[in-house]
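Protein chains in written order, with the numbering used here: chain Z, 61 to 477; chain Y, 61 to 477.
Keep in mind that the hints were calculated from the coordinates and are not lab data.
Fair warning: this is a prediction, and the values are worked out from it, not measured in the lab.
There may be inaccurate statements among the hints.
You can't tell identical chains apart in this list, so a pair holds if it fits in one copy or across any two.
[What the hints assert, rightly or not] When the alpha-carbon atoms are kept at most 30 Å apart in a straight line, the in silico DSS-like pairs for lysine-lysine are as follows: (1) K323 x K118; (2) K463 x K285; (3) K323 x K285; (4) K118 x K325.
There are 2 protein chains.
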Amino acid sequence: MLAAALADESAQRTCTFEIFARRLPNGRRYGVVAGTERFVEAVSRFRFGESELAVVGKFLDDRTVEWLRNYRFSGDVDGYPEGELYFPNSPILSVRGTFAECVLLETLALSIFNHDSAIASAAARMVSAAAGRVLIDMGSRRTHEIAAPASSRAAYLAGFTSTSNLEAVRRFGIPGTGTSAHAFVLLHSATDGYHEATAFRSQVAAQGVGTTLLVDTFDIAQGVKTAIEVAGPELGGVRIDSGDLGVLTRQTRDQLDALGATKTKIVLSGDLDEYAIASLRADPVDVYGVGTRLVTGSGAPTAGMVYKLVEVDGIPVSKRSSHKGSRGGAKRAVRLARSTGTIVEEIIFPANAAVPESDEFTVSELAIPLIRSGDPVDSLPTLQDGRQRVAAGLLSLPWEGLKLSEGEPAIPTTFAE
Amino acid sequence: MLAAALADESAQRTCTFEIFARRLPNGRRYGVVAGTERFVEAVSRFRFGESELAVVGKFLDDRTVEWLRNYRFSGDVDGYPEGELYFPNSPILSVRGTFAECVLLETLALSIFNHDSAIASAAARMVSAAAGRVLIDMGSRRTHEIAAPASSRAAYLAGFTSTSNLEAVRRFGIPGTGTSAHAFVLLHSATDGYHEATAFRSQVAAQGVGTTLLVDTFDIAQGVKTAIEVAGPELGGVRIDSGDLGVLTRQTRDQLDALGATKTKIVLSGDLDEYAIASLRADPVDVYGVGTRLVTGSGAPTAGMVYKLVEVDGIPVSKRSSHKGSRGGAKRAVRLARSTGTIVEEIIFPANAAVPESDEFTVSELAIPLIRSGDPVDSLPTLQDGRQRVAAGLLSLPWEGLKLSEGEPAIPTTFAE
Chain Z
61 MLAAALADES AQRTCTFEIF ARRLPNGRRY GVVAGTERFV EAVSRFRFGE SELAVVGKFL
121 DDRTVEWLRN YRFSGDVDGY PEGELYFPNS PILSVRGTFA ECVLLETLAL SIFNHDSAIA
181 SAAARMVSAA AGRVLIDMGS RRTHEIAAPA SSRAAYLAGF TSTSNLEAVR RFGIPGTGTS
241 AHAFVLLHSA TDGYHEATAF RSQVAAQGVG TTLLVDTFDI AQGVKTAIEV AGPELGGVRI
301 DSGDLGVLTR QTRDQLDALG ATKTKIVLSG DLDEYAIASL RADPVDVYGV GTRLVTGSGA
361 PTAGMVYKLV EVDGIPVSKR SSHKGSRGGA KRAVRLARST GTIVEEIIFP ANAAVPESDE
421 FTVSELAIPL IRSGDPVDSL PTLQDGRQRV AAGLLSLPWE GLKLSEGEPA IPTTFAE
Chain Y
61 MLAAALADES AQRTCTFEIF ARRLPNGRRY GVVAGTERFV EAVSRFRFGE SELAVVGKFL
121 DDRTVEWLRN YRFSGDVDGY PEGELYFPNS PILSVRGTFA ECVLLETLAL SIFNHDSAIA
181 SAAARMVSAA AGRVLIDMGS RRTHEIAAPA SSRAAYLAGF TSTSNLEAVR RFGIPGTGTS
241 AHAFVLLHSA TDGYHEATAF RSQVAAQGVG TTLLVDTFDI AQGVKTAIEV AGPELGGVRI
301 DSGDLGVLTR QTRDQLDALG ATKTKIVLSG DLDEYAIASL RADPVDVYGV GTRLVTGSGA
361 PTAGMVYKLV EVDGIPVSKR SSHKGSRGGA KRAVRLARST GTIVEEIIFP ANAAVPESDE
421 FTVSELAIPL IRSGDPVDSL PTLQDGRQRV AAGLLSLPWE GLKLSEGEPA IPTTFAE
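If we strip away everything but chain Z, and leave its shape as in the complex, we get (with noise of 0.2 Å):
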């Protein structure tokens, strides 16, 4: 494509290029944009090398290699904040430059926005589940090893306590939380059997009381006990990896108040989703741990986000075969919310159009620059804004919102002509 406009000349035409989805996976009531700050950071870095050069030379002309060696988009970029709901076509990313600059980001922009948006989607959904209760992303073994960083920070966004990612706790500053694992427990053993109680006195000792058990190695009331009196009551926390998690959180709540432990906070993990977690809101858990059912976005592992040229030299352009028409033309939105702050309805107008304007209802706009002349504009939102605005987008949520069954999403999306 690159080659064959570049050679015709199409390839300095100005173009909008927009990111949006044609609906929400699994009949789900909203999504979250996330990846927003990984992308402008990575659009900066976006730079063909030699290596990469010499690939390309084997398929391209020399004209085309050139332009590609000095490569560096410099055209703007608007988009929603990061941590923004958003709904069936709602205009996530907005990208305007030469065709030829704003095609190359096509990949770069969905592998961001796609994989993201589908783990804050999720998460948000356990957050929500969660009511308050704290959340730790062990997810990092059941993703891509350099996925699982990015799969932590979109969690965090979405209101997940901590992670036991280190590498996210290094790269994006999120707070890191760990507990031990069965192997630990194992590690202690002789040929005359297990030493449960030797391998708990051996991490408190390293740890302090503060430190969490898992107690479930062998048997459960058994390893509550043995923490109890290695640790004293003062035990941080005991974790609960298999069985039935709301029968056993029960008997070990009432075990450690028995114990004098009142304190000592129960971690589940074991395959928790948002409905497992939604099932055990009645139960006196303290901590969730989730692993494979966030980094897979529990059931939507990609948030099926597609990149559309919208606008060619000030022309609407769409494709109109088959049912999978696009509104031509460069759009904006604004979100129509009561003066309670419940969000009512999301309408999508042409980028050169005023903003629609109500009585009834607060109007605001949603996208913000985020590049200007290929450079990140100045004062972009933080990982910590974006995990307040996912706060506040859960709350202004209709109440139907955040049903975790399927269903429509929670708000329209309309076009204004």
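Following the hints, position chain Y against chain Z.
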């Protein structure tokens, strides 16, 4: 765990950790081991730099930080060769060394094997369903930007023909292929409307008549007509990305043949998975382009493998809580096959026992050495070797094993005591 084990000196105990999957996802009949080469390479690079040490130094004692500063895995690793089939409980990887050096590799090992094996396992089913036709990986935009090349690699291992991911071409030497997008056709628009013929002419001028033209931006029949008018009957291919692919493929084949373009190939894309591929088997499809369902493991985005401590100083250990119990002791495995090559059973046996024998079946041990004293062994199997191994593995499956429907594993895995 590491700090406590260093303090109580259990860190130096000789351990064996094993990777295995308790079950295959979604009633699949087999899995494909992938990630071995990437894992071996990652282990040799796995170090803690000053930036990483600064992070862990906030919660670890000086001795542990110093130990991490000098960390280098010095143990041994054996495993199934990449591309080998696996079944529930197959001991895919065996890591031996001190507790401290082995426990640190858990997340790295699982991330790589769970990701790559999930993709390869889904891809192999697509390869099998495609029955010899060309499969192109087009999934990069639906997964994390750095996971994407690893996905392409896993797909190629499993039998995909090529990838649209140029970084995978660069890094792994996989054949690259691309087609143009709707954006390229839409780019060729003016105030008087779209100019599909201009776009096609430009692409043919740049890439030659062997190129593949995307014909479904507006009307497919018109697009095909225009494509042959522009490129002539020697046109390499046409791509269809929307609509009822079976009906459209038959119509397009008839139309191409009537235009004399009898050798022009039909490339299909658009949410294809192994079931869609199989359902198109009777239609005149030449090439499948697979995206989302490939990189998300077609419903199983992680292979669900675990990394478990099974032996400490020669003592078999295992967790005994609830249903998650696994068998202690270091293990090896053999696969039994008929003289025709059809496999019938996998036998897992204690690593220090004699290899099981059989009069009736050929017996092949599965694992090979991968790392010795921290260094990769010489002449590790290559990606091409793995690709041949997958192909041979699919041929070795009993007839039932190739069914796409849910069912039992293709062969039983049994434990010999």
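Here is what the structure says about each hint:
{"no.": "1", "hint": "K323 x K118", "result": "between (66 Å within a copy, 26 Å between copies)"}
{"no.": "2", "hint": "K463 x K285", "result": "neither (39 Å within a copy, 50 Å between copies)"}
{"no.": "3", "hint": "K323 x K285", "result": "within (15 Å within a copy, 75 Å between copies)"}
{"no.": "4", "hint": "K118 x K325", "result": "between (60 Å within a copy, 23 Å between copies)"}
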